[in-house]
Amino acid sequence: MIKKEKLQIIGTKQIAKDTIEMKLENIHISETAVPGQFLHILIEGHTLGRPISIADIDKENHLVTILFKVIGSGTKRLAAYSVGQQINALGPSGNGFPLRQEAKETVLLIGGGIGVPPMYYLGKQLAAQNVNAIAILGFQTAENVFYEDKFKEIAETYIVTDDGSYGNKGLVTDLLDKVGDFDCYYTCGPLPMIQAVTSKLSGKRGYISLEERMGCGVGACLACMIPANNESGYKKICSDGPVFLAEEVTI
Amino acid sequence: MNELAVSLPGLKLKNPIMPASGCFGFGHEYSNYYDLSELGAVIMKAATGNARLGNPTPRVAETASGMLNAIGLQNPGVDKIIEYEVPFLANFDTSIIANIAGSTIEEYEMVAAAFNYTEDVHALELNISCPNVKEGGIQFGTDPVMAAKVTERVKRVSKLPVYVKLSPNVADIVEMAKAVEAAGADGLSMINTLTGMQIHLPSKRPLIANKTGGLSGPAIKPIAIRMIYEVKQNVDLPIIGMGGICSAEDVLEFLLAGASAVAVGTANFGNPLVCKEIIDELPDVLSRYGFASVQEAMGKAVFV
Chain A
1 MIKKEKLQII GTKQIAKDTI EMKLENIHIS ETAVPGQFLH ILIEGHTLGR PISIADIDKE
61 NHLVTILFKV IGSGTKRLAA YSVGQQINAL GPSGNGFPLR QEAKETVLLI GGGIGVPPMY
121 YLGKQLAAQN VNAIAILGFQ TAENVFYEDK FKEIAETYIV TDDGSYGNKG LVTDLLDKVG
181 DFDCYYTCGP LPMIQAVTSK LSGKRGYISL EERMGCGVGA CLACMIPANN ESGYKKICSD
241 GPVFLAEEVT I
Chain B
1001 MNELAVSLPG LKLKNPIMPA SGCFGFGHEY SNYYDLSELG AVIMKAATGN ARLGNPTPRV
1061 AETASGMLNA IGLQNPGVDK IIEYEVPFLA NFDTSIIANI AGSTIEEYEM VAAAFNYTED
1121 VHALELNISC PNVKEGGIQF GTDPVMAAKV TERVKRVSKL PVYVKLSPNV ADIVEMAKAV
1181 EAAGADGLSM INTLTGMQIH LPSKRPLIAN KTGGLSGPAI KPIAIRMIYE VKQNVDLPII
1241 GMGGICSAED VLEFLLAGAS AVAVGTANFG NPLVCKEIID ELPDVLSRYG FASVQEAMGK
1301 AVFV
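Chains A and B, in that order, give the protein sequences.
Mapping to this note's numbering: the first sequence position 242 is 242, numbers consecutive.
For this note's numbering, add 1000 to where a residue sits in the second sequence, where the first one is 1.
The set of hints was computed from the structure by calculation and includes no laboratory data.
There could be a bad hint or two in this list.
Ranges of calculated distance between the beta carbons of each label pair, as one might list FRET restraints [to be verified]: (1) A:Lys104 <-> B:Asn1032: 37 to 43 Å; (2) B:Glu1249 <-> A:Lys169: 19 to 25 Å; (3) A:Arg77 <-> B:Thr1104: 41 to 47 Å; (4) A:Pro98 <-> B:Glu1119: 50 to 56 Å; (5) A:Ile15 <-> B:Ser1203: 22 to 28 Å; (6) A:Ser232 <-> B:Met1197: 36 to 42 Å; (7) A:Arg205 <-> B:Pro1009: 52 to 58 Å; (8) B:Ser1203 <-> A:Ser232: 58 to 64 Å.
All C-beta atoms, glycine included, are put in the ideal place defined by N, C-alpha and C.
Put together the whole structure using the sequences plus the hints.
Written as structure tokens, this is what we have:
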């Protein structure tokens, strides 16, 4: 259940261009979060929370890993927090990826940029269930690439960069028909990438994780809506999502 | 007597704190954080005649000391609100205020009249100040003749006390307040958001899909205080004050300026427990500044 929590910063480091990995200690979130959920981080001096996905959990040591890109004033401020400081956050927020896979199935994980982090915790959990995973990870250029080695431990991993400065040149969608058969896909990344992936894989069972500017982060303010094929005509990304079945929302 | 209690037309509040319309939905989400019976009242998300899907996203953007929003009055329509949302809030020992909006005077009348058939709503907040929809709302809130007309027509069909929510997007707030007072308003609710815009440098486009949005949060608090002060000098209606309240000290400032109760909006987003925390801290803050009760602090700012 989502709670207002304080998380102690145990480690923080830059792992790629403008990309920070932060390790946080918190019992409630480490014990209850599932892959695909996020923290709504409340940053000093900022009115609105920053929704940041959970990249990994170490239950034994009560550690939660988040990765974020320094883009605006809020993430810049967050990046300046140091070890020993505490951050306030609501979490674990939203609904994660369904994990019920048959052990013999093959899943495809498609992550783009700062959409890669939730794919890692998901892939790790699936690997623990002996699900066979393939990962296609897209980044802008070589200096943006992160977690390649970690993914290689849990999935057959392909790296794509826009300019070909690392791995394959092009877009993640260029590799979709080159990685072999899979039963189901999971994806998170920039909206144009998710649109391209769902359209190319239409008919396949797929789960997408969406992002949007959020107000409350708990489902009350109706800021982060997405048109959906249900009675009300919409879903809330923060509380109905951020993970949806590919065909249940209109992107 | 409870030092925090406040009596307003139609409302016997155990304390003067209520979440502001649109910032609290219908309370479900926040009921996970604390018992909504702690609140003086809840002002529900705006109700319109039919369901509205609202504006395209992004609908919110952060600003210095505040935020812009352009939700666009998204709501399931008044009938569903009465059927599903009012009964949920009625489970709590708190007053319920229904915020009503419309594109036409007839729609306002229809929505207002619908609330006559529930015993659980104690007052209406007449939303003539939403800056984020193309039709309805703000054109009633920026013209004193229109504001008076919609107030009078809603008063005529409703059995509930009507608090008119004023827009700060006017040159003369006192003129607006006087117009709705003369039209029969039972109280005022002020202020709604100020229309603003923010442009994203990399894309050179407004951050909000609707282009403009309503500015809220601490950035607008001094404007709210000034407007409540001006109106209180000229109009004899009780005021529910709002605009950037984050703390019990802010509440006292609104009381001093002339508000009788307050609504907390944007601050709920940064801290879902903020209303409860303010209620808990208010007695200490009142006594620190020499007041024995909320009632005693009202209008006690010294202007000479």
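Of the hints given before, which are not true for this structure? 2, 4, 6, 8
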